[in-house]
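Chains as they are written, first to last, in the numbering used here: chain A, 1 to 204; chain B, 1001 to 1439; chain C, 2001 to 2341.
Simulated from the structure, these hints should not be mistaken for laboratory data.
Glycine included, every Cβ here is placed at the ideal spot set by N, Cα and C.
There could be a bad hint or two in this list.
Here are the simulated DSBU-like cross-link-like pairs (lysine-lysine), alpha carbons at most 35 angstroms apart as the crow flies [claimed, not checked]:
(1) B/K1341 with B/K1184
(2) B/K1086 with B/K1076
(3) C/K2043 with B/K1072
(4) A/K91 with B/K1076
(5) B/K1072 with C/K2044
(6) C/K2325 with C/K2191
(7) C/K2186 with C/K2198
(8) B/K1341 with B/K1086
(9) A/K27 with B/K1076
(10) C/K2114 with C/K2192
(11) C/K2043 with C/K2192
(12) C/K2043 with C/K2114
(13) A/K27 with B/K1086
(14) B/K1086 with B/K1072
(15) B/K1076 with B/K1146
(16) A/K27 with A/K91
(17) B/K1146 with A/K27
(18) C/K2186 with C/K2114
Derived CB-CB ranges, DEER-like [what the hints assert, rightly or not]:
(19) B/S1023 with A/V11: 16 to 22 angstroms
(20) C/A2069 with B/R1052: 26 to 32 angstroms
(21) B/N1416 with A/I5: 41 to 47 angstroms
(22) B/M1037 with A/P110: 41 to 47 angstroms
(23) B/A1406 with A/A164: 50 to 56 angstroms
(24) B/S1023 with A/F138: 30 to 36 angstroms
(25) B/S1389 with A/F165: 46 to 52 angstroms
(26) B/I1079 with A/V11: 30 to 36 angstroms
(27) B/D1243 with C/V2032: 19 to 25 angstroms
Below are the chains, spelled out letter by letter.
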Amino acid sequence: MNILIMVIFVVLAAFTLAAGVMVVTVKNIIHAALWLIASFFSVAAMYLLMEAEFIAIVQVLVYVGAISILVLFAIMLTRHVTGEGVRQLYKRWWIALIVAAALFGVLIVPTVFNYEWAVQPSGAQISIASTVEIGTAFMREYLLPFEVASVLLLVALIGAIVIAFEERSTRRRVLTLAEEVEQRRQRNESLRLAPTTHASETSE
Amino acid sequence: MLQFLENIFGPSWIVSLIAFLISTTVILIVTPVTFMMMTWFERRIVARMQDRLGPNRVGPAGLLQAVADGVKMFTKENITPRAADKWVHLIAPLVATGPVIFLFAVIPWGYGLSPVDINVSVLFVIAVSSISAVGLMMGGWGSNNKFALLGAMRAVAQMVSYEIPAVIALLSMVLFTGTMNLNKYTELQGGLPILGNTLKDVIPDLGLGWFVFTPIGLVGFMIFFICILSEGERTPFDIPEADSEIVAGYMTEYSGMKFAVFYMGQFLFNYALSMVASIIFLGGWNFPGIPQLISIAPPIGALASAVVLGAKAWFLFFVMIWLRGAFPRLRMDQLMAFAWKFLLPLALINILSAALWLTIMLWCTGDCTQNPWVFTVGGINPLGWLGNSPVLRQLVGFVLTAIINAGAFFWLLNVNRRPAGETPADLARDQAFGTASLP
Amino acid sequence: MTVEFDRGKAYVVDRGQPKLRAGQGMIAGLDVVIRHFFSAFTKKLETPDETSGVFTVQYPEERLAMPEAFRNFPILLFDDTTGQELCTSCFQCERICPPQVIHMTQAVDPTTGKPVPAVAEFMIEYDACMSCGLCAEVCPFDAIKMDHDFELATDDRAGMTVRKADLDRPVSYYETIAPTRWAEVKDGAYKKLQGNIKRRSGSIGLSPRAATAPKKAAPAAAKPAAGVAKPVAVKTAMPMAAPGKNMSEEKLARLLSIRAANVAKAGGAAPAEAEEVLATADTDDVAEAPAAVAAARPVSSGGIPFSADNLLGGVPANTTMAEDKVERLKSIRSGNLARRG
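Okay, chain A solo, but in the shape it has when bound (with noise of 0.2 angstroms):
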């Protein structure tokens, strides 16, 4: 294998990993969204090296420009969670180390042992899954999943919306002081209540 890209392909793994394992132990929240970021890049870099520039170039689009983003506004949504004093380890760890490890182990020791690895003779032209061909994969395929992605995402696009909506006739808005008065006014006036003649002056 070319040299220069096996060097490359050491150094953007070893950042993968050290990113990795600065997400799950820098204290300050941000900090680690922030390292996610960078292994999300390196994992793209690494597409990249395989020459999928397609698929490289979605995993810069959709996790580095956009999951981020909505990584770092819903952790500045809810201040609480940027404090420093976040706990990071807790007692029984090691538990949690032994799950996460068997876990890894049941996904990985099939694709190991029973995937019968297609060694191409060196030189060979390697066939590497373009922009056509993803694209005709979709639409022939895989057109059942794909479809149904698609409307599970259009659906929770009508829900957000459906969400955030507001009708504009009961939309609230801030009031002023003096609409405040009044409003005060009219209420004691309906409840048959003598005027608070104070409020009313101060909104002259």
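Keeping the supplied structure of chain A fixed, place chains B and C upon it in accordance with the hints.
Below, chains B and C alone, put in the same frame as chain A:
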């Protein structure tokens, strides 16, 4: 050739390393110089628009003003607020500016002058330009300053909102041309306006088949240009650094070279997107005479093509300055309403008309029986009367898409207009309470 | 028109074009801007009522003519022909001066020991002067006027206390910078001066500047320069150059030598040069010109150094006070100084 080089320099990875280093160096030299020229250009032009002269003391016609500014920036104290997050504060300008310089790696500067030729360069531009939002967020958060954080929030919200119409406008062009490679856009825009390359055998290549002359390209160009104004935080949309409201937005706590790097990122972003817009919509380096020059003398033609493309990009930058000289800043609600209620539907309709154009162009051309585009209704090909002549199909497509796009434009204007019976008092109240419906 | 609604008033500007469809207003704005852009390359704003063209005045090379009423720091006037100062040391200006920076000593006839209507020493602390112009307004003899020269920047603070020798300017100079204002008061001022000269004797009331020059000089030349009267004329020579134009040769030479010695006014030293620079320089590329002008400008030379010694013996040597009077004054001053600590 490669073998020959290998014999001289050693293994091929050294050769490719050297080649990449050279092109990287060239980009890293050319872009800051472009940035310096842009600051000078903007200051001079906007000064003339305001009946002033602008900087004219340093060097001939003030050309070295940017150098003087650079010296000033370098010698300024590099302040980091005590409460700031030091590393995030330090890295933020790099994260914001680095991706912008990445962009220049895939943008062809002229005929055969693209540093890296990848197949999905349009997507690359979209993806990489969205990274700088992370840098802005880091800068705003790391400064530990409320103005900086507000500015960063505004900047990111604005970038995310305007990215959608920009991407859809570009996608309509991708659908229109069938390629995501910026290098191929120029070849497709030769020939005559509207007709493109179809009459190449009859009439010499004038290099005027720019997509901006087609209805789809025109609408796409308008949307894309407005979006790059917004993403580059140019004046009608410079809300994130509105100096009358929030001191300088996310750049509030930056000084010296860190500020300069942020500033450079912004200007280069404008320039890169101007170049992309000129390549995709304004015909790249096409201009009467350039195709012939390229075919006769490729090196000279490449140089001339770089000049033509640069001129187009600088013209777009001039338009940005012009807008800056003319228009005030929008409000946040106006900005968002404009993106979501006007630009986005228009872009969606534009993508539909691009699909229609494609249908008209491809439906049953050539051999009808083997073409995958064959689709008959009751045994009759509904577009069979168009025949195989691309010119007729192009003209029909032009008329149809023009009607659709113009109709959509005026319909959206009408939908977004203020209510008919609105009195000045209503308008004033709306503006006073910030509940106005649209700009 | 104003519109009232429940929160207050809104002012609606009528722009004369009631039916602007979507985007027309924006295009109109762009049109205005691009017109200004092109006119800025071809036109230069000449009068303030024009609305387009470059209005920048490239200061060291181009200068605006000062309005006559412009005031910077006060100066004293003396008559060109006789060399007699107009000041009678009536103390009006010293009294009215808000920051109290004007100080003067009345001249005394050496033979009779009686005060005469002339000033022996006059001192203005320019560094604390606030350019209010009250001294010039209150002066009944039109002897103190406000100068137009504003390029007095210096690093010599003591030099900002200016004495009579540096304050004196010929009437002809004032006539060039403010012709109509001088014409209004000219007759009265000269009449009063004639009355005062009769009561002066010897060199009392003679300006130290006039004394250095031959008396025969100067036919009251100063015909008011027409160009200066125009309130805003962009293309004018420097105001300091103006007196040179209207004076006879030797007078000009005298004035120039005095200026070179006393005050930093290099602009006057090279009126012809400056005009050449103006003529050749493009409005745009004048980068070299300021250097030339700056080189011609000498370093400001101060007046008399400011020290306790000077305060004590505050009376210059060439005054005409009686010896005993000087002694008395000195003792009073030193007493004052001691009292103040």
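Against the structure, the hints come out as follows:
Of the pairs offered as hints, the one joining B/K1341 and B/K1184 holds, with about 33 angstroms between alpha carbons and a cut-off of 35 angstroms not exceeded. With a C-alpha separation of about 18 angstroms, the suggested pair B/K1086 and B/K1076 falls inside the 35 angstroms cut-off, and the hint holds. At roughly 33 angstroms between alpha-carbon atoms, C/K2043 and B/K1072 fall within 35 angstroms of each other, so this suggested pair holds. Proximity of A/K91 to B/K1076 is assessed by CA-CA distance (about 50 angstroms); at most 35 angstroms being required, the pair is judged violated.
Taking the CA atoms of B/K1072 and C/K2044, the gap is near 32 angstroms; set against the 35 angstroms cutoff, the hint holds. For the hint linking C/K2325 to C/K2191, the alpha-carbon distance of about 32 angstroms falls within 35 angstroms, and the restraint holds. Distance check on the hinted pair: C/K2186 and C/K2198 sit about 19 angstroms apart at the alpha-carbon level, within 35 angstroms; holds. In summary, the hint linking B/K1341 to B/K1086 is not supported, as the alpha carbons are separated by about 40 angstroms, beyond the 35 angstroms threshold.
For the hint pairing A/K27 with B/K1076, the CA-to-CA distance comes to about 33 angstroms; that is within 35 angstroms, so the pair holds. Taking the CA atoms of C/K2114 and C/K2192, the gap is near 20 angstroms; set against the 35 angstroms cutoff, the hint holds. Among the hinted pairs, C/K2043 with C/K2192 is inconsistent with the structure: their alpha-carbon atoms are about 50 angstroms apart, more than 35 angstroms. For a cut-off of 35 angstroms, the pair hint linking C/K2043 to C/K2114 is broken: about 65 angstroms separates their Cα positions.
Proximity of A/K27 to B/K1086 is assessed by CA-CA distance (about 15 angstroms); at most 35 angstroms being required, the pair is judged to hold. Our distance criterion of 35 angstroms between C-alpha atoms is met by B/K1086 and B/K1072, whose separation comes to about 23 angstroms. As the CA atoms of B/K1076 and B/K1146 are separated by approximately 24 angstroms, the hinted pair is consistent with the 35 angstroms bound. At most 35 angstroms may separate the alpha-carbon atoms for a hinted pair to count; A/K27 and A/K91 meet this at roughly 17 angstroms.
Between B/K1146 and A/K27, the direct Cα distance comes to roughly 23 angstroms. Compliance with the 35 angstroms bound is thereby established for this hinted pair. Between C/K2186 and C/K2114, the direct Cα distance comes to roughly 29 angstroms. Compliance with the 35 angstroms bound is thereby established for this hinted pair. At about 21 angstroms, the CB distance of B/S1023 to A/V11 agrees with the hint of 16 to 22 angstroms. Checked against the hint of 26 to 32 angstroms, the pair C/A2069 and B/R1052 passes, with Cβ atoms roughly 27 angstroms apart.
Taken as a hint, the range 41 to 47 angstroms is violated for the pair B/N1416 and A/I5, whose Cβ atoms sit roughly 53 angstroms apart. Between B/M1037 and A/P110 the Cβ separation comes to about 59 angstroms, which falls outside the hinted range of 41 to 47 angstroms. Remark: the range hint 50 to 56 angstroms for B/A1406 to A/A164 is contradicted by a beta-carbon distance near 32 angstroms. At about 34 angstroms, the beta-carbon gap between B/S1023 and A/F138 stays in the expected band of 30 to 36 angstroms.
For the hinted restraint 46 to 52 angstroms between B/S1389 and A/F165, the CB-CB distance of approximately 50 angstroms keeps it satisfied. In this structure the hint that B/I1079 and A/V11 lie 30 to 36 angstroms apart at CB holds, the actual value being about 33 angstroms. Restraint check, B/D1243 to C/V2032: a C-beta distance of roughly 24 angstroms satisfies the suggested window 19 to 25 angstroms.
When each numbered hint is compared with the structure, violations occur for hints 4, 8, 11, 12, 21, 22 and 23.
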